[in-house]
Amino acid sequence: AQSVTQLGSHVSVSEGALVLLRCNYSSSVPPYLFWYVQYPNQGLQLLLKYTTGATLVKGINGFEAEFKKSETSFHLTKPSAHMSDAAEYFCAVSADNTNAGKSTFGDGTTLTVKP
Amino acid sequence: DGGITQSPKYLFRKEGQNVTLSCEQNLNHDAMYWYRQDPGQGLRLIYYSQIVNDFQKGDIAEGYSVSREKKESFPLTVTSAQKNPTAFYLCASSNSGRRVFFGPGTRLTVL
Numbered sequence: 001a002q003s004v005t006q007l008g009s010h011v012s013v014s015e016g017a018l019v020l021l022r023c024n025y026s027s028s029v030p031p032y033l034f035w036y037v038q039y040p041n042q043g044l045q046l047l048l049k050y051t052t053g054a055t056l057v058k059g060i061n062g063f064e065a066e067f068k069k070s071e072t073s074f075h076l077t078k079p080s081a082h083m084s085d086a087a088e089y090f091c092a093v094s095a096d097n098t099n100a101g102k103s104t105f106g107d108g109t110t111l112t113v114k115p
Numbered sequence: 001d002g003g004i005t006q007s008p009k010y011l012f013r014k015e016g017q018n019v020t021l022s023c024e025q026n027l028n029h030d031a032m033y034w035y036r037q038d039p040g041q042g043l044r045l046i047y048y049s050q051i052v053n054d055f056q057k058g059d060i061a062e063g064y065s066v067s068r069e070k071k072e073s074f075p076l077t078v079t080s081a082q083k084n085p086t087a088f089y090l091c092a093s094s095n096s097g098r099r100v101f102f103g104p105g106t107r108l109t110v111l
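Going line by line, the protein sequences match chains A and B. If you read the first sequence in this note's numbering, its first letter stands for residue 1, the second for the next number, and so on. If you read the second sequence in this note's numbering, its first letter stands for residue 1, the second for the next number, and so on.
Note that these hints are calculated values from the structure, not bench results. Note that the structure is predicted; figures quoted are calculated from it, not measured. Keep in mind that the hints are not guaranteed to be accurate.
Not the full set, but computed from the structure, chain A residues with beta-carbon under 7 Å of chain B [as the list claims (entries may be wrong)]: (1) Q42; (2) G43; (3) A100; (4) G101; (5) D107.
Glycine included, every Cβ here is placed at the ideal spot set by N, Cα and C.
Turn these sequences into a full structure, and let the hints guide you.
What follows is the structure in C-alpha cells.
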C-alpha cells in the first residue's frame with residue numbers, strides 16, 4: 001500500500017521567489033512518483049515523474065523535483081515563480097510503473113503567486 | 001488534435017436519477033480511468049479499464065458503473081445508489097501505463 005502527504009494545503013510566494021511544494025510518500029515497494037498541475041476547472045497535466053535512475057528530475061515550465069529515499073520525499077521546486085504558476089499541484093505515488101493511472105494522489109497544494 | 005474529450009462540462013441531476021458522463025479519446029490508448037475529485041482532496045479512482053470489454057473497480061466504485069465496448073470510449077454512469085455524487089469527474093487514458101493523460105473534466109451537481 002502507498003500513501004502521499006502534501007505538507008501545506010496553501011502556499012503563497014511573491015513573483016520571482018523560490019517555489020517549494022513538499023511531498024512525502026509511503027510505499028512498501030520502490031515508488032514511482034509524479035507531480036501534476038491543475039488549473040481551475042481543468043484536468044491534470046503531468047509536470048514531471050521519477051521512475052528510476054537520476055534522483056533529480058527536471059520537468060516542464062522550469063520545475064524540478066528530487067527523490068530522496070532516506071527522507072521518503074519528492075519535493076517540487078522552481079527557482080523563480082511566475083504569475084502563470086498559480087494553480088493546484090498534486091503529488092502522486094504508484095507502485096506499478098506499468099499502471100500509472102492507479103496512483104495514489106495527495107490532497108493537493110494551492111500555489112498563489114503575488115505580484 | 002489528439003486528446004481526451006469529456007461531455008458535458010457541467011451537468012445537473014435531480015436526486016434519484018441516473019446520469020451518464022461521456023469520455024472519448026483518440027490517442028489510441030488501451031487503458032482508461034475515471035476519477036472523482038472533491039474540494040481539498042486528491043483524485044480517487046472509481047473504475048479503470050486496461051483493455052476493451054474489461055474493467056476493474058477502483059477505490060470508490062460503489063454507486064457507479066462503466067462499460068468499455070470500444071477502445072475510444074469509456075462512459076461512466078452515476079447511479080441513484082451513489083449517495084453523494086456532487087463532484088468533479090475526470091477521465092484519463094494511458095499509453096502502456098507509464099504516463100496518464102487527463103480530460104478537462106465534468107462537474108456534476110445534484111439538485
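Hints and how they fare:
1. Q42: Hint on A:Q42: holds, closest Cβ of chain B at ~6 Å, below 7 Å.
2. G43: 3 Å, holds
3. A100: 5 Å, holds
4. G101: 4 Å, holds
5. D107: 5 Å, holds
Violated hints are absent here; each numbered hint is respected by the structure.
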